[in-house]
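Chemist: As a plain string of letters, each chain reads:
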Amino acid sequence: MDENSTHEQLILYYFNETGMADSVMVQKEIDTHQEVKEEYRHIVEVFDHIDKIVMSPSEKTINSILDYSIKALAAGHIQ
Amino acid sequence: MQHYDVSDQELIRLYLGGNPASFEKLLKRYKSRLFASIFYLVRDKEKAEDVFQETFIKIISTLNNGGYKEEGKFLPWAIRIARNIIIDNARVNCRMPMMRDKKENGIMSTIRMKDDNVETKMIRNQTITQIRMLIEELPHEQREIIVLRHYADLSFKEIAELTNVNINTALGRMRYALRNLRKLVKKKKYSAVF
Numbered sequence: 001m002d003e004n005s006t007h008e009q010l011i012l013y014y015f016n017e018t019g020m021a022d023s024v025m026v027q028k029e030i031d032t033h034q035e036v037k038e039e040y041r042h043i044v045e046v047f048d049h050i051d052k053i054v055m056s057p058s059e060k061t062i063n064s065i066l067d068y069s070i071k072a073l074a075a076g077h078i079q
Numbered sequence: 001m002q003h004y005d006v007s008d009q010e011l012i013r014l015y016l017g018g019n020p021a022s023f024e025k026l027l028k029r030y031k032s033r034l035f036a037s038i039f040y041l042v043r044d045k046e047k048a049e050d051v052f053q054e055t056f057i058k059i060i061s062t063l064n065n066g067g068y069k070e071e072g073k074f075l076p077w078a079i080r081i082a083r084n085i086i087i088d089n090a091r092v093n094c095r096m097p098m099m100r101d102k103k104e105n106g107i108m109s110t111i112r113m114k115d116d117n118v119e120t121k122m123i124r125n126q127t128i129t130q131i132r133m134l135i136e137e138l139p140h141e142q143r144e145i146i147v148l149r150h151y152a153d154l155s156f157k158e159i160a161e162l163t164n165v166n167i168n169t170a171l172g173r174m175r176y177a178l179r180n181l182r183k184l185v186k187k188k189k190y191s192a193v194f
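Protein sequences, first through last, are from chains A and B. This note's numbering applies: residue 1 is where the first sequence begins, and numbers increase by one. This note's numbering applies: residue 1 is where the second sequence begins, and numbers increase by one.
Simulated from the structure, these hints should not be mistaken for laboratory data. Positions of the beta carbon are idealized from the N, C-alpha and C atoms, including for glycine. Warning: the hint list may mix true and false statements.
[Unchecked claim] Distance ranges between label pairs, derived from CB positions:
#1 A:Glu45 x B:Asp88: 32 to 40 Å
#2 B:Gly66 x A:Asp48: 19 to 27 Å
#3 A:Lys37 x B:Lys73: 20 to 28 Å
#4 B:Lys188 x A:Asp48: 17 to 25 Å
#5 A:Ser23 x B:Asn93: 24 to 32 Å
#6 A:Lys37 x B:Glu10: 18 to 26 Å
#7 A:Val44 x B:Thr62: 23 to 31 Å
#8 A:Arg41 x B:Ser32: 46 to 54 Å
#9 B:Lys188 x A:Glu35: 19 to 27 Å
[Said to hold, decoys possible] No more than 27 Å apart at the CA atoms, straight line, and that leaves these computed lysine-lysine pairs for DSS-like:
#10 B:Lys28 x B:Lys47
#11 A:Lys60 x B:Lys31
#12 B:Lys58 x B:Lys188
#13 A:Lys71 x B:Lys69
#14 B:Lys157 x A:Lys37
#15 B:Lys188 x B:Lys157
#16 B:Lys31 x A:Lys71
#17 B:Lys188 x A:Lys37
#18 A:Lys28 x B:Lys28
#19 A:Lys71 x B:Lys157
#20 A:Lys60 x B:Lys28
#21 B:Lys187 x A:Lys60
#22 B:Lys58 x B:Lys73
#23 A:Lys71 x B:Lys58
#24 B:Lys187 x A:Lys71
#25 B:Lys188 x A:Lys71
#26 B:Lys25 x A:Lys71
#27 B:Lys157 x B:Lys186
#28 B:Lys157 x B:Lys69
#29 A:Lys60 x B:Lys58
#30 A:Lys37 x B:Lys187
#31 B:Lys73 x B:Lys187
#32 B:Lys31 x B:Lys73
#33 B:Lys58 x B:Lys28
#34 B:Lys157 x B:Lys187
#35 B:Lys73 x B:Lys47
#36 A:Lys60 x B:Lys188
#37 B:Lys28 x B:Lys69
#38 B:Lys47 x B:Lys25
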C-alpha cells in the first residue's frame with residue numbers, strides 16, 4: 001500500500017468501515033510497521049479527545065419542537 | 001454506528017399513528033449528534049439553535065405530509081436538511097458560514113461537563129478550548145468531514161452522497177484534516193492535545 005492509501009485504510013479501520021479481509025490486513029500492517037502504528041495512534045488520539053465534547057440544544061428549543069410535533073399530529077397535516 | 005431496539009422507521013410509524021412520545025424518542029436519540037454537527041458548521045450557538053429548530057420543523061412537516069421515503073436513514077436525511085438550511089442562510093447573507101462566534105455563544109457555553117471534579121474540569125476546559133480552536137482553523141471542507149463523520153456518525157459513503165463527492169475524495173479530506181490538525185498542534189505547541 002502507498003502512504004495515502006494506508007492512511008485512508010487506517011481511517012476506515014478506526015471507524016469500523018473495513019470489511020473482514022481488509023481489517024485483518026490493516027491490523028497486520030499496524031502490528032508489523034512502526035510508522036503505521038504511529039499513524040494509527042495519532043488517529044485514535046485525535047478522535048479520543050474530540051469524543052469528550054458533548055453538546056445539546058436548549059430545553060426551550062426541544063420543547064418548541066415537541067409542541068410543534070404534537071400540533072402537527074393533531075392537525076393531521078401541515079399546510 | 002449505533003443500533004437501537006426500536007428502529008427510526010418504527011418510531012416514525014408510531015408517531016404518525018398518533019403517538020407523539022415516539023417522536024420525542026427520535027428527537028432525543030439524535031439531538032446531540034445533529035446539534036453538534038450544526039454547531040460546528042455555523043460556529044454560533046444562537047444560529048445553531050435556530051437551524052436545529054428549523055430543521056425539525058421541516059422534518060415534522062415532511063413526515064406529516066407523507067414525504068419521508070428514506071427508510072432506515074433518518075440521520076443522514078436530517079443532516080441533509082440542516083445542511084441545506086445552512087447553505088440557504090449563507091446565500092441570503094451573501095457569505096459562507098465562516099463567522100467567528102461571539103464568546104458568549106461559543107462552544108464553551110454549550111458544552112456540558114460530565115465530571116464534578118474541579119481539576120478535571122479545568123484540564124477538560126483547556127483541552128476543549130484547544131480542540132475548538134484547531135477544528136475552527138481547518139478549511140471548511142475538512143472541518144465538515146470531521147463533523148459529519150465524528151459527530152453525526154455518518155459513514156464515508158453517506159458523507160460522499162451528502163456532499164456530492166466520491167468516497168475517495170471524502171477520505172482524502174479526512175486525511176488532510178488529520179494532517180492539518182497535527183501541523184496546527186506543532187505550530188501552536190499544544191501539549192494537552194495529542
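Chemist: For each hint, tell me whether it holds in the structure or not.
Modeler: Tested hints:
Between A:Glu45 and B:Asp88 the CB atoms are about 37 Å apart, so this pair conforms to the stated range of 32 to 40 Å. At roughly 43 Å, the beta-carbon separation of B:Gly66 and A:Asp48 lies outside the given 19 to 27 Å, and the hint is violated. A C-beta distance of roughly 35 Å is found between A:Lys37 and B:Lys73, which places it outside the suggested range of 20 to 28 Å. In this structure the hint that B:Lys188 and A:Asp48 lie 17 to 25 Å apart at CB holds, the actual value being about 19 Å.
One distance hint, 24 to 32 Å for the beta-carbon pair A:Ser23 and B:Asn93, is violated here, with the actual separation near 45 Å. Judged by the Cβ atoms, the range 18 to 26 Å given for A:Lys37 and B:Glu10 is violated: they are separated by roughly 43 Å. The hint said 23 to 31 Å for the Cβ distance between A:Val44 and B:Thr62, and at roughly 38 Å that hint is violated. Our hint of 46 to 54 Å for A:Arg41 and B:Ser32 is violated, since their Cβ atoms are close to 27 Å apart.
The hinted window of 19 to 27 Å between B:Lys188 and A:Glu35 holds, with their beta carbons roughly 24 Å apart. Taking the CA atoms of B:Lys28 and B:Lys47, the gap is about 20 Å. The hint holds against a cut of 27 Å. Under the criterion of a C-alpha separation no larger than 27 Å, the hint pairing A:Lys60 with B:Lys31 is consistent with the structure, at around 13 Å. Taken as a hint, the B:Lys58 and B:Lys188 pair is broken in the structure, with Cα atoms around 42 Å apart against an allowance of 27 Å.
At most 27 Å may separate the alpha-carbon atoms for a hinted pair to count; A:Lys71 and B:Lys69 meet this at roughly 22 Å. About 25 Å separates the Cα atoms of B:Lys157 and A:Lys37, which keeps this hinted pair within 27 Å; it holds. The hinted pair formed by B:Lys188 and B:Lys157 fails the criterion: a straight-line CA distance of about 33 Å is larger than 27 Å. Using a Cα cut-off of 27 Å, the hinted pair B:Lys31 and A:Lys71 holds, with the two alpha carbons roughly 20 Å apart.
For the given pair, B:Lys188 sits about 25 Å from A:Lys37 by alpha-carbon distance, which is consistent with the 27 Å threshold. A distance of roughly 40 Å separates the Cα atoms of A:Lys28 and B:Lys28; the hinted pair therefore is violated under the 27 Å criterion. Restraint check: the Cα-Cα separation between A:Lys71 and B:Lys157 comes to about 36 Å, which exceeds 27 Å; the hinted pair is violated. A hinted pair counts as satisfied when its Cα atoms are at most 27 Å apart, and A:Lys60 with B:Lys28 qualifies at roughly 14 Å.
In summary, the hint linking B:Lys187 to A:Lys60 is not supported, as the alpha carbons are separated by about 40 Å, beyond the 27 Å threshold. Restraint check for B:Lys58 and B:Lys73: satisfied, since their Cα atoms lie roughly 16 Å apart, inside the 27 Å limit. A hinted pair counts as satisfied when its Cα atoms are at most 27 Å apart, and A:Lys71 with B:Lys58 qualifies at roughly 14 Å. Proximity of B:Lys187 to A:Lys71 is assessed by CA-CA distance (about 53 Å); at most 27 Å being required, the pair is judged violated.
Under the criterion of a C-alpha separation no larger than 27 Å, the hint pairing B:Lys188 with A:Lys71 is inconsistent with the structure, at around 51 Å. Between the alpha carbons of B:Lys25 and A:Lys71 the distance comes to roughly 17 Å, so the proposed pair stays at or under 27 Å and holds. A threshold of 27 Å between alpha carbons decides the hint, and for B:Lys157 with B:Lys186 the separation of about 31 Å lies outside it, so the pair is violated. With a C-alpha separation of about 19 Å, the suggested pairing of B:Lys157 with B:Lys69 holds against the 27 Å cut-off.
The straight-line distance between the Cα atoms of A:Lys60 and B:Lys58 is roughly 18 Å, inside the 27 Å bound, and the hint therefore holds. Annotation: proposed proximity of A:Lys37 to B:Lys187 holds, straight-line Cα distance about 23 Å (limit 27 Å). At roughly 40 Å between alpha-carbon atoms, B:Lys73 and B:Lys187 are farther apart than 27 Å, so this suggested pair is violated. A C-alpha spacing of about 15 Å is found between B:Lys31 and B:Lys73, which places the hinted pair at or below 27 Å, so the restraint holds.
Of the pairs offered as hints, the one joining B:Lys58 and B:Lys28 holds, with about 17 Å between alpha carbons and a cut-off of 27 Å not exceeded. With a C-alpha separation of about 33 Å, the suggested pair B:Lys157 and B:Lys187 falls outside the 27 Å cut-off, and the hint is violated. Under the criterion of a C-alpha separation no larger than 27 Å, the hint pairing B:Lys73 with B:Lys47 is consistent with the structure, at around 25 Å. In summary, the hint linking A:Lys60 to B:Lys188 is not supported, as the alpha carbons are separated by about 38 Å, beyond the 27 Å threshold.
This hinted pair checks out: B:Lys28 and B:Lys69 have alpha carbons roughly 21 Å apart, not beyond 27 Å. With a C-alpha separation of about 24 Å, the suggested pair B:Lys47 and B:Lys25 falls inside the 27 Å cut-off, and the hint holds.
Comparing the model with each numbered hint stated earlier shows that hints 2, 3, 5, 6, 7, 8, 12, 15, 18, 19, 21, 24, 25, 27, 31, 34, 36 do not hold.
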